[in-house]
Amino acid sequence: MRKSYVLAFMLIFIILSMPGIFAYTYLNIYIDSSGKAEFFGETNETRILRLPLGISVQDGEIRGTTQELTQKNGEIWTFYYSLTNAELKVILPDGTTVQNISNGEIFIERGRISVYFQDSLSVNYVINDIDEGPDFLIWLVILTVTGVIITYFYRQRIIGLFKPKIIYKKQRHKKDHIDLIKHVLNDREKLILGNLREVGKVKMSHLRKLCDIPKASFSRHIQELEKKKLVVRTGEGKNKFLELVTKI
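Sequential numbering from 1 applies to the sequence shown in the working numbering.
Think of the hints as simulated: they come from the structure by calculation, not from any bench. All C-beta atoms in this analysis are idealised placements derived from N, C-alpha and C, irrespective of residue type, glycine included. Don't take each hint at face value.
Pair by pair, the computed Cβ-Cβ distance ranges are [said to hold, decoys possible]:
| no. | residue 1 | residue 2 | range |
| --- | --- | --- | --- |
| 1 | 24 | 245 | 25 to 31 Å |
| 2 | 63 | 240 | 58 to 64 Å |
| 3 | 226 | 80 | 35 to 41 Å |
| 4 | 120 | 147 | 51 to 57 Å |
| 5 | 44 | 244 | 23 to 29 Å |
Okay, derived cross-link-like pairs now, EDC-like style, lysine to aspartate or glutamate, Cα gap no bigger than 16 Å in a straight line [what the hints assert, rightly or not]:
| no. | residue 1 | residue 2 |
| --- | --- | --- |
| 6 | 227 | 198 |
| 7 | 201 | 87 |
| 8 | 209 | 59 |
| 9 | 36 | 68 |
| 10 | 72 | 119 |
| 11 | 209 | 42 |
| 12 | 201 | 187 |
| 13 | 72 | 42 |
| 14 | 201 | 243 |
| 15 | 201 | 226 |
| 16 | 203 | 68 |
| 17 | 203 | 87 |
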């Protein structure tokens, strides 16, 4: 019987001593049009993480910017990064078209392409420029001249559209809406929405740590925000994500 206790204790000790078994690392990597990557994440890893130059870990928070992860060949950009036992999201620049991707899942968030992946990712993409050639300038001049002519001949009707009474009603309606939002949200709910708007779609556990709110209280506030139709939860178990339904 005593041998059984000893063996059980040794087994538990071995499991707890195994590196990375209860470790986690979450990362959001924002890439701009110049190829610079900004890191925003957290980890409980005690070993030295393989992080690029310019990225550091302090008190479990991963922060910094680097230019080492992207390369450009002609019009095609290439992003590559590898980090073992990590869940990562890379957010590509505005106007991006993905040419090739090694793994992961692609989503559209706030008009930008995001890729969720684990451990490693290689993606080729192109940033589409907005063409503002001579044709655009010609149409801009034509529309400007047309607007001036219409304003001159119909100025009385246009002035009538902007009477003080109408402007007052619109401004008061907008003010009432803003006051209503401030009235129904408490300080912690505003903190949750502010962090959620900053990081976008994110794991609930990550968001709770960013807000530094106890787990029970955090769950209660999330339920209240769901009732107010301001946030929505997706996923199950440890893979529950949270995102905004509407902008405040």
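Quick rundown of the hints versus the structure:
1. 24 / 245: 25 to 31 Å: holds (27 Å)
2. 63 / 240: 58 to 64 Å: Given a distance of about 24 Å, which is not inside 58 to 64 Å, the answer is violated.
3. 226 / 80: 35 to 41 Å: holds (38 Å)
4. 120 / 147: 51 to 57 Å: holds (54 Å)
5. 44 / 244: 23 to 29 Å: holds (27 Å)
6. 227 / 198: It is violated: about 22 Å lies between the C-alpha atoms, which goes past 16 Å.
7. 201 / 87: holds (13 Å)
8. 209 / 59: holds (12 Å)
9. 36 / 68: holds (8 Å)
10. 72 / 119: violated (23 Å)
11. 209 / 42: Given that 16 Å is the threshold and the Cα spacing comes to 9 Å, the pair holds.
12. 201 / 187: violated (21 Å)
13. 72 / 42: Outside the cut-off at roughly 29 Å; violated.
14. 201 / 243: holds (5 Å)
15. 201 / 226: holds (15 Å)
16. 203 / 68: violated (27 Å)
17. 203 / 87: Judged against 16 Å, a Cα distance of about 10 Å means the pair holds.
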